[in-house]
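Peer 1: Produce the entire structure from the sequences given, and follow the hints as far as they go.
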Amino acid sequence: QKEVEQDPGPLSVPEGAIVSLNCTYSNSAFQYFMWYRQYSRKGPELLMYTYSSGNKEDGRFTAQVDKSSKYISLFIRDSQPSDSATYLCAGGNFGNEKLTFGTGTRLTIIP
Amino acid sequence: DAMVIQNPRYQVTQFGKPVTLSCSQTLNHNVMYWYQQKSSQAPKLLFHYYDKDFNNEADTPDNFQSRRPNTSFCFLDIRSPGLGDAAMYLCATRGTDSYEQYFGPGTRLTVT
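Chains as they are written, first to last, in the working numbering: chain A, 7 to 117; chain B, 26 to 137.
The set of hints was computed from the structure by calculation and includes no laboratory data. Careful, some of the hints might be misleading.
[Unchecked claim] Cut-off 30 angstroms, straight-line C-alpha distance, at most; resulting in silico cross-link-like pairs (DSSO-like, lysine-lysine):
id	chain 1	residue 1	chain 2	residue 2
1	B	63	A	104
2	A	8	B	63
3	A	8	B	69
4	B	42	A	73
5	B	42	B	77
[As the list claims (entries may be wrong)] What follows is a list of derived Cβ distance ranges for each label pair:
id	chain 1	residue 1	chain 2	residue 2	range
6	A	58	B	32	36 to 46 angstroms
7	A	45	B	82	20 to 30 angstroms
8	B	98	A	64	24 to 34 angstroms
9	B	40	A	64	17 to 27 angstroms
Fair warning: this is a prediction, and the values are worked out from it, not measured in the lab. For every residue, glycine included, the Cβ atom is placed at its ideal position computed from N, Cα and C.
Peer 2: Shown next as structure tokens:
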């Protein structure tokens, strides 16, 4: 079993829709989580960083962590064609440099 | 703007011919990482430097080496590239006040 699981997609939604991207993880030692956006043939770009359970909002993006069920989500409101990319979730724990990534969900926003 | 820079962006090398990829950063971050990412796969940590301290992942092949001559620069050396080493190589950094990792644009390596 992979430590971090993501549905690879592809996921296609119309412009303006709310997008929900999800990950599950198996490592109960994870203490923080990150969401990255990666455009084709580019490096990952950090979108959100959360330490604890609950919601964190930044503009159109909301990250949600439920440690009891080992489930993390990223919501994108008012989705734009420029949001079309692969979204990677990752987990880590303090004192350990290793950030464990999921394989990513490929998202396409249709104009 | 503070950033992570990788050169070259695209590198073609021959089977068995040593290659060096470079990473520089203007963020003055203490920690620098090298990841390998193959198509449609998760980035895989190869090793990292915490200041001058080198930390190798247990499953990183001996074929991969790294150097960090100063805070700003870090190099990835592949001594004898095989066809299976074709991938995107990502450099990332973080400061000591946070665990957020910031990535460079990557170097896409092709082995012929």
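Peer 1: Would you mind marking each hint as holding or not holding in the structure?
Peer 2: The hints, checked one at a time:
Using a Cα cut-off of 30 angstroms, the hinted pair residue 63/B and residue 104/A holds, with the two alpha carbons roughly 18 angstroms apart. Simply put, residue 8/A and residue 63/B have alpha-carbon atoms about 16 angstroms apart, close enough for the 30 angstroms limit, and the pair holds. As the CA atoms of residue 8/A and residue 69/B are separated by approximately 13 angstroms, the hinted pair is consistent with the 30 angstroms bound. With a C-alpha separation of about 47 angstroms, the suggested pairing of residue 42/B with residue 73/A is violated against the 30 angstroms cut-off.
Taking the CA atoms of residue 42/B and residue 77/B, the gap is near 27 angstroms; set against the 30 angstroms cutoff, the hint holds. For residue 58/A and residue 32/B, the Cβ-Cβ distance of about 38 angstroms falls inside the hinted range of 36 to 46 angstroms, so the restraint holds. Checked against the hint of 20 to 30 angstroms, the C-beta distance between residue 45/A and residue 82/B comes to roughly 26 angstroms, which is consistent with it. At about 32 angstroms, the beta-carbon gap between residue 98/B and residue 64/A stays in the expected band of 24 to 34 angstroms.
A C-beta distance of roughly 45 angstroms is found between residue 40/B and residue 64/A, which places it outside the suggested range of 17 to 27 angstroms.
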